[in-house]
Amino acid sequence: MSAPTVETIQVRHCNFEAKVKVKGSGSPVVYLHTAGGPRWDDFLDALAEHHTVFAPDHPGLGETNRDSIYDVESLWDLILIYDEILDGLGLPSADVVGSSFGGMVACELAAHRPERVAKLVLIDPIGLWREDVPVAPYMLLPQDKLVATLFANLEAKQVQEFLTLPDDPQQRAVAMADSVWAMGTTGKFVWPIPDKGLSKRMHRITAPTLIVWGKEDALISPVYAQEFADRIADSRVEIIEGAGHVPQWEQPDAVRPLVLDFLKSSS
Amino acid sequence: MKVTSFHFMPYRDLPDDFDKRYDSAWVDAPWWELGDGSKAGDYYNWSLDELMLAAKMGFDGLGTNEHHQNAYGFMCNPNLFGAILAKMTRDQGLDDVALVQLGATVSSTSPPIRIAEEYAVLDCISGGRLVAGLPLGLGCDANVSYGVTPIEQRERWREAIDLMLRAWTAEEFFAWNGKYFQLPKVNLWPRPVQDPHPPLLIPGAASSSTWDYCHDRDLPYAFLSYFGGESAEGVMDRFWERAAAKDKDANPYRASFLQLVGVAETDEEAERLFAPHIEHFYHKALHLPLHYLATPGYSDYKSLINLFSSGMLKYLDFSVDLKPLKARDMIDEGFVVIGSPATVREKLEHMVRRLNVGHLMPVLQFGSMPHELAMNNIELFGREVLPHLQNIWQEDGWDNPWWPKQLAKTPVRSAA
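Line order of the protein sequences matches chains A and B.
Be aware that the first sequence starts at 1, since it is given in the numbering used here, and climbs by one per residue.
Be aware that the second sequence starts at 1, since it is given in the numbering used here, and climbs by one per residue.
Don't read these hints as lab results, they were simulated from the structure.
Cβ coordinates follow ideal geometry from the N, Cα and C atoms, glycine included.
Just so you know, not all the hints are guaranteed correct.
30 Å max Cα-Cα, derived DSS-like pairs, lysine-lysine [to be verified]:
| # | chain 1 | residue 1 | chain 2 | residue 2 |
| --- | --- | --- | --- | --- |
| 1 | A | Lys196 | B | Lys246 |
| 2 | A | Lys215 | A | Lys264 |
| 3 | B | Lys179 | A | Lys145 |
| 4 | B | Lys20 | A | Lys145 |
| 5 | B | Lys56 | B | Lys347 |
| 6 | B | Lys20 | B | Lys323 |
| 7 | A | Lys145 | A | Lys157 |
| 8 | A | Lys264 | A | Lys157 |
| 9 | B | Lys179 | B | Lys246 |
| 10 | B | Lys87 | B | Lys56 |
| 11 | B | Lys302 | B | Lys326 |
| 12 | B | Lys56 | B | Lys20 |
| 13 | A | Lys215 | A | Lys196 |
| 14 | B | Lys302 | A | Lys145 |
| 15 | A | Lys157 | A | Lys23 |
| 16 | A | Lys145 | B | Lys326 |
| 17 | B | Lys246 | A | Lys200 |
| 18 | B | Lys20 | B | Lys326 |
Covered, in the sense of this in silico footprint (three residues per stretch, anywhere, with C-beta under 8 Å from a C-beta of chain B), are these stretches of chain A [said to hold, decoys possible]:
| # | segment |
| --- | --- |
| 19 | 69-77 |
| 20 | 134-142 |
| 21 | 175-181 |
| 22 | 187-198 |
Label-pair distances were calculated between CB atoms; the ranges are [what the hints assert, rightly or not]:
| # | chain 1 | residue 1 | chain 2 | residue 2 | range |
| --- | --- | --- | --- | --- | --- |
| 23 | B | Pro196 | A | Val22 | 32 to 38 Å |
| 24 | A | Gln160 | B | Pro196 | 55 to 61 Å |
| 25 | B | Arg217 | A | Val22 | 51 to 57 Å |
| 26 | A | Pro142 | B | Phe174 | 23 to 29 Å |
| 27 | A | Gln10 | B | Asp195 | 46 to 52 Å |
| 28 | A | Val223 | B | Glu241 | 52 to 58 Å |
| 29 | A | Gly197 | B | Asn45 | 56 to 62 Å |
| 30 | B | Glu230 | A | Ser74 | 30 to 36 Å |
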């Protein structure tokens, strides 16, 4: 598999220099990553076989300047940045896929600019809150409990790759710092409770929406799948057996065809 | 040297299996299972009595601090205690002791001019004896207990300090249009007695960003470590290297160091008396996992790289399990300085000279230590160790511009 290219988009909002990984050809799909940080994975390669995949790095992560996050002061800023990244990529509209934190951002974008999101795929998104089934405080967990909260299928190849740190001490230090920084920079928009009013805005979403949820997600319970579905007019839910919070890694063979079929029917 | 009796007022009575029963001493220790308001009342009163005894024994300063939702130390607002101490020391003629507020956390107080006001009140009541500590605040306090967004905490702290300084000194009304705080009209009442404002002190836990903040503003740093002088050597060496790199001199008064200390008639007696309280402190009060100390975003990226690549933080990053260590091990490792007056004098003098610190902050009540033993410890330290320490650095001729001006004199009370 070839590596994606990196496109730089100078965004006027917050003076942010965006970095977007691009690969493939076909109708555009924008992928918004999790609070674990940007990773080009097998799932994105699979999407890139049929689509042009654009995967922007959250401010402060990936190829972006680490301190750029300090200029992005609010969720409103963040969503306007994504709106301007789509401008910069020349995409009046695109399919948007978001996983976990990225799913919340995708919802916010689709609520803010409904016409820009052609189809929406949400994979275990956060952004809603139920008193009786609270979202796990994932930023406050020790490593072992965090891993147990994230994954139901630890044997999966991409889960193992995610959990393996480099041997070289300096690379290892950078990987550890990046991992903490990924939670810190995304946490800026969800701390201390990942409920920033999305439920009030979701009625604005018009995109046909596929909601994918790991049946054993211990970070945000699958009961939230219906909460998202109830607020998005044209939506359907798919529950993935044997997967936790990151089903595209834990059960890739189940998730990939679901998402590809859904995106195909849109074009 | 300036010696400040530092007290963080722990919950002194915790069950033996506390650290097995609960995930940590912070946030996870349920008040409804462990806490007793009457006992807490005793602890508050005893702690104040212990600090007042330190004032009588001739300590240069009395130190209090702010923490929340924990059994480790729960002066939720140090200024409540500072106010009591300001009044009592003044009334009892002990008005040569500084009030070292170590201090109120401005990043989690909104608006932070509340702290500017409270500090000014303390300075007014005490007649200009305040040292204004401005800690960034721990993640478990500011982020978990008070909900401050971790990645915003350091910026909030910097902005809050800038706002406080302007509020203390401005001779005009001003509006504050900051990133985190907006105030339409600032005209602070009261203002401090000390002119232009009380000396500042920046406590920290080995973050290189905090050192740079201190050196860039010519402010003193207090290294709050519980792991003794030896483990602090790497940290303080780097602090001084950074000072030199920023053209700051090696004036020891730029630095403070915290140290748990227990004094008795002999080394053996000291170990016997303090061992259970050492273990209580390190096993229970410091039952504090790393992920609470530094919530993601709390440390900036540069500090994270330093933390993960330097290896300078033996014990300090809380990555070593303290539970298997016995009191003897912790004495040997130098976490605590325990012994006869002669032993303690010698160890502390070696430590402060090696670290080049001009302010020492001994903690003389820690863990489960009962009131009577704490009082004996303070008295013996005050009588047999303190006068010796206060003479350190005297002959070196350094100025100490980071101490209340009216208290900048050689202590005259060598014994109570």
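Hints, verified against the model:
no.	hint	result
1	A:Lys196 to B:Lys246	43 Å, violated
2	A:Lys215 to A:Lys264	25 Å, holds
3	B:Lys179 to A:Lys145	35 Å, violated
4	B:Lys20 to A:Lys145	17 Å, holds
5	B:Lys56 to B:Lys347	24 Å, holds
6	B:Lys20 to B:Lys323	10 Å, holds
7	A:Lys145 to A:Lys157	20 Å, holds
8	A:Lys264 to A:Lys157	27 Å, holds
9	B:Lys179 to B:Lys246	28 Å, holds
10	B:Lys87 to B:Lys56	14 Å, holds
11	B:Lys302 to B:Lys326	35 Å, violated
12	B:Lys56 to B:Lys20	40 Å, violated
13	A:Lys215 to A:Lys196	25 Å, holds
14	B:Lys302 to A:Lys145	26 Å, holds
15	A:Lys157 to A:Lys23	22 Å, holds
16	A:Lys145 to B:Lys326	28 Å, holds
17	B:Lys246 to A:Lys200	51 Å, violated
18	B:Lys20 to B:Lys326	16 Å, holds
19	69-77	holds (count 3)
20	134-142	holds (count 4)
21	175-181	holds (count 4)
22	187-198	holds (count 4)
23	B:Pro196 to A:Val22: 32 to 38 Å	56 Å, violated
24	A:Gln160 to B:Pro196: 55 to 61 Å	60 Å, holds
25	B:Arg217 to A:Val22: 51 to 57 Å	45 Å, violated
26	A:Pro142 to B:Phe174: 23 to 29 Å	45 Å, violated
27	A:Gln10 to B:Asp195: 46 to 52 Å	49 Å, holds
28	A:Val223 to B:Glu241: 52 to 58 Å	54 Å, holds
29	A:Gly197 to B:Asn45: 56 to 62 Å	46 Å, violated
30	B:Glu230 to A:Ser74: 30 to 36 Å	46 Å, violated
Of the numbered hints listed earlier, those contradicted by the structure are 1, 3, 11, 12, 17, 23, 25, 26, 29 and 30.
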